[in-house]
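Going by my numbering, the first residue of the sequence shown is number 812, and it counts up by one from there.
Incorrect hints may appear among the rest.
[What the hints assert, rightly or not] Derived DEER-like restraints, expressed as beta-carbon distance ranges:
hint	residue 1	residue 2	range
1	Ala-862	Gly-829	15 to 23 Å
2	Asp-856	Asp-816	14 to 22 Å
3	Ser-872	Val-836	30 to 38 Å
I should point out that these hints are in silico values taken from the structure, not numbers from a laboratory.
Virtual Cβ for every residue (Gly too), placed ideally from N, Cα, C.
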Amino acid sequence: MMQRDAIYIGGEWVEANGEGTIEVVNPATEQTIGSVPVGSSSDVDAAVAAARRAFPEWSESAIDVR
Numbered sequence: 812m813m814q815r816d817a818i819y820i821g822g823e824w825v826e827a828n829g830e831g832t833i834e835v836v837n838p839a840t841e842q843t844i845g846s847v848p849v850g851s852s853s854d855v856d857a858a859v860a861a862a863r864r865a866f867p868e869w870s871e872s873a874i875d876v877r
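Turn these sequences into a full structure, and let the hints guide you.
Here it is, written out as structure tokens:
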């Protein structure tokens, strides 16, 4: 079973600021296949800020590099 204890923001795994975990369910079988940590609004803010910083360079990259 997949279990993550961090979230991926800005190219690195960081500890989530939320409380608890969320089960990951396979929609085809409805079986639980893992769990992920709950993120907080500050985690979302950090992810959006990282995406905004990365976008200019990413948008200029060739499709085969993306």
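Worksheet item: When the hints from earlier in the document are held up against this structure, which numbers fail?
Response: none
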